[in-house]
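Engineer: The residues making up each chain are set out below.
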Amino acid sequence: MTEVAVRVDHVVKSFRLYHERNQTIKAAIMRGRTSVHEDFLALKDVTFDVPIGSTFGLIGSNGSGKSTLLKCLANIYYPNSGSITHFGKIAAMLEVGSGFHSELSGRENIFLNGSILGMSRKEIVQKFDQIIDFSGVEQFIDQPVKNYSSGMYVRLGFAIAINVNPDILVVDEVLAVGDAAFQERCFQKFRDLKEEGKTVILVSHSMEMVEQMCDHVAWLNRGSLMDVGKAAPTIKAYRKSISTELD
Amino acid sequence: MKYLKEIWASRELLFNLTQREVKGKYKRTILGQLWSLANPLALMLIYTLVFYFILRVQPDPGSPSGLNIFALWLLCGLLPFTFVSTVLNVGLNSLVANANLIQKVYFSRIVLPLSIVGSSAYNWLFEMAVLVIALSIVGGFVLPWIPLLLVAMLLLAVFAAGLALMLAVANVYFRDTQYFMTIFLQIWLYLTPVIYPLTTVQNDSAKVGGLLGTHITIADIYGLNPMEHFVTLFRELLYDERWPDGTEWLICGAWAIAAAVAGLLIFRRNERKLAEIL
Chain A
1 MTEVAVRVDH VVKSFRLYHE RNQTIKAAIM RGRTSVHEDF LALKDVTFDV PIGSTFGLIG
61 SNGSGKSTLL KCLANIYYPN SGSITHFGKI AAMLEVGSGF HSELSGRENI FLNGSILGMS
121 RKEIVQKFDQ IIDFSGVEQF IDQPVKNYSS GMYVRLGFAI AINVNPDILV VDEVLAVGDA
181 AFQERCFQKF RDLKEEGKTV ILVSHSMEMV EQMCDHVAWL NRGSLMDVGK AAPTIKAYRK
241 SISTELD
Chain B
1 MKYLKEIWAS RELLFNLTQR EVKGKYKRTI LGQLWSLANP LALMLIYTLV FYFILRVQPD
61 PGSPSGLNIF ALWLLCGLLP FTFVSTVLNV GLNSLVANAN LIQKVYFSRI VLPLSIVGSS
121 AYNWLFEMAV LVIALSIVGG FVLPWIPLLL VAMLLLAVFA AGLALMLAVA NVYFRDTQYF
181 MTIFLQIWLY LTPVIYPLTT VQNDSAKVGG LLGTHITIAD IYGLNPMEHF VTLFRELLYD
241 ERWPDGTEWL ICGAWAIAAA VAGLLIFRRN ERKLAEIL
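Chains as they are written, first to last, in our numbering: chain A, 1 to 247; chain B, 1 to 278.
The hints are simulated quantities; they were obtained by calculation from the structure and are not laboratory data.
These numbers come from a predicted model, not from an experiment.
Treat the hints loosely; a few may be bogus.
Partial pick of chain B residues on the chain A-facing surface, computed with a CB cut under 7 Å [unchecked claim]:
1) K2
2) E12
3) N16
4) G24
5) K27
6) K104
7) V105
8) Y106
9) F107
10) L224
11) A275
Glycine residues also receive a C-beta, built at the ideal position from the N, C-alpha and C atoms.
Excised from the complex, chain A in its bound form (with noise of 0.2 Å):
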């Protein structure tokens, strides 16, 4: 049996769907309260383990509870129930360029965002030359990032997120962007965490991409979970499934 890098245990996590929402003062005071509401479960008792040094995938249609499991990984929800516990610095990359200041230089936003996401500035200082070389602005690094193409701006996001070196990586559906080679880089890179022992949590939509870079995946449909195991046969029943709801 493998280690645990993260331990998923009963999470529940539910949301509060409002059927009238009045969120001010004269409403708390008036009618005693601000909301009418009824809770919606996003995710059902789900329990599962992630091995160390995989690369796990989160697989499921929309609207399945992927992207709440993915912030609840990532400490930016908590559940109402249950437990995550993680083994290891863990980091989420759930947008790249987040927190940005437009009119702030490359430069200066390598260590902002490097701060943000938890890296402190000698830890920025040594990664500073492998952050440009992998986002190739290196031209650009004094400019304001307003300037910036679009590409250019997710690549150097991606590039520091990429750089903050956790052993647990949480990754949202950020991999659909820059060209080709700069795509061609990344697997490259998930390849080497891979390879140092790293665990990556990923969550994609392209199932050829799971299958390429997965090990093990987790399946849910709305809320709960279906199956979770070696990728290959939990894939192929997750298609298995949507091909007979198809019928």
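Based on these hints, arrange chain B on the given structure of chain A.
Structural biologist: Showing chain B alone in chain A's frame:
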């Protein structure tokens, strides 16, 4: 205590975000940092014109400093007040304005309002330095009071930070907070002896005496406003150039600690819910 440690661990991020605010604010302006002086100078001109030349407000000359210049007397109270009002106005928006960041990245959320305190404090320091230079030019002997002045500034910054933390959380739940504060801050300015001297209130209060047969006077109620004590503190240090009463220090210190503790507790209790509610 553990929470304070967590904030300490995010000090680099706090520093970087403060720098983002400071650097980003006056980018692409010709005057740059000088703009931070423009607002207090404009207020100084307006209030001096209206209250000194038209309404004839006459503060006592500084004792023992002997200074008697209305505009400088005004600035000694106005600069601390505008600092607080900037921190509150901008700080209460800091969570809502960074909603996107909060929903995408995990980091200690408290650095967002605190970075506003930091960047406003940076501007304030700049303004106060100019004021100290101006006071020295007209014959004030301010320099020996600078260490105490810095202590007073720190107390006021802690006080403002505590309030900003509470208001930032309140604004996430009720967006009314920001509009309410704009109005409240205008009223607060006139409830504080910034534009008129405190002696005016004390004299009037002495004429009326105890209210409704009690010993409580108007001046006592007026003194519940923490900004009264802070403004008094700054004026005595900068304009009168004398050692402020020990009780004034105690009152200011108590308000600062109370605001900071309440702000931290409220913020910590709500921090985890922010991403969902925003």
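Engineer: So, for every hint listed, does it hold in this structure?
Structural biologist: Do the hints match the structure? See the list:
1. K2: 16 Å, violated
2. E12: 5 Å, holds
3. N16: Constraint on N16(B) satisfied, holds at 5 Å.
4. G24: Because about 5 Å separates G24(B) from the closest Cβ in chain A, which is inside the 7 Å limit, the hint holds.
5. K27: 4 Å, holds
6. K104: 4 Å, holds
7. V105: Interface hint status for V105(B): holds (5 Å vs cutoff 7 Å).
8. Y106: With Cβ-Cβ at 4 Å, under 7 Å, it holds.
9. F107: 6 Å, holds
10. L224: 23 Å, violated
11. A275: 5 Å, holds
Going down the numbered hints, you'll see the structure goes against 1 and 10, while the others check out.
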